[in-house]
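Colleague: Chain B: place on chain A using the hints.
Chains as they are written, first to last, in this note's numbering: chain A, 2 to 115; chain B, 12 to 125.
Misleading hints may appear alongside valid ones.
[Claimed, not checked] Straight-line alpha carbon distances no greater than 30 Å define the calculated DSS-like cross-link-like pairs of lysine-lysine that follow: (1) K79/A to K112/B; (2) K25/A to K112/B; (3) K112/B to K69/A; (4) K81/B to K112/B; (5) K66/B to K84/B; (6) K66/B to K81/B; (7) K69/A to K79/A; (8) K79/A to K25/A; (9) K66/B to K89/B.
Please keep in mind that the hints were generated in silico from the structure rather than gathered at the bench.
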Amino acid sequence: DAGVIQSPRHEVTEMGQEVTLRCKPISGHDYLFWYRQTMMRGLELLIYFNNNVPIDDSGMPEDRFSAKMPNASFSTLKIQPSEPRDSAVYFCASSSPTGVQPQHFGDGTRLSIL
Amino acid sequence: AQTVTQSQPEMSVQEAETVTLSCTYDTSESDYYLFWYKQPPSRQMILVIRQEAYKQQNATENRFSVNFQKAAKSFSLKISDSQLGDAAMYFCAYRVGGAQKLVFGQGTRLTINP
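The following block holds chain A by itself, in its conformation from the complex (with noise of 0.2 Å):
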């Protein structure tokens, strides 16, 4: 079975632009999430869906972050503008709903914003 799927891997752009991150989770997962990994805070969750609807989003920094899911298969994390601080690596994870089922990883998006 694939994996999560990211795209892109990396993605460097200019400030003030827009970024969109992309994520396929794991079919037949009820559960995605979306984390940002920084060397001074760790791994911070951001938002996560379940069955396409967002529960949690007090993790997103302010409101140049939203997350959308309009399927089960597809989910975007968008910044606009973009400011250097937000320099991550951005993942995406997703899980089904039993018991002690982990969430599972996609590789990440390196974001570097000049």
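Modeller: Just chain B, lined up with the frame of chain A:
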């Protein structure tokens, strides 16, 4: 609030030796799950091992095992016969049963000396 603490920012071990990574957590819940994830330089987040809190038996996956001390809220990871491919950041994570949010520790960077 639940917290996860990894008190060892860095560890090193000789190849073929055994190393133990520490993790403690703070919770008032009785039903929860614990995980260790590995993040090699390729930045993938790879599940190493998982443990249900209601199980007294320590989880084992090949060369990886845990020492789960529920009363002490401790969840250490033991790697036996260390191999060069074990070099990575290791993250301890906690999840309340019935919830989906993972709480991560800050990570321990493990170096394997040949």
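Colleague: Between K66/B and K84/B, is the straight-line Cα distance small enough, at 30 Å or below?
Modeller: Distance of about 14 Å is within 30 Å: holds.
Colleague: Would you check the hint for K81/B and K112/B, treating anything up to 30 Å between C-alpha atoms as holding?
Modeller: Distance of about 20 Å is within 30 Å: holds.
Colleague: Is it true that the CA of K66/B sits at most 30 Å from the CA of K81/B?
Modeller: holds (10 Å)
Colleague: Hint check: K112/B vs K69/A, CA-CA at most 30 Å. Holds or violated?
Modeller: holds (18 Å)
Colleague: Holds or violated: are the alpha carbons of K79/A and K25/A at most 30 Å from each other?
Modeller: holds (15 Å)
Colleague: So if I understand the rule, the pair passes when the alpha-carbon distance is 30 Å or less; does K69/A with K79/A pass?
Modeller: Holds. K69/A to K79/A sits at ~8 Å (cutoff 30 Å).
Colleague: With the threshold set at 30 Å, check whether the alpha-carbon distance from K25/A to K112/B stays at or below it.
Modeller: holds (19 Å)
Colleague: For K66/B and K89/B, compute the direct alpha-carbon distance and say whether it is at most 30 Å.
Modeller: The hint holds at about 18 Å.
Colleague: Given the hint that K79/A pairs with K112/B, test it: the Cα-Cα distance must not exceed 30 Å.
Modeller: holds (21 Å)
Hint violations for this structure: none, all hints satisfied.
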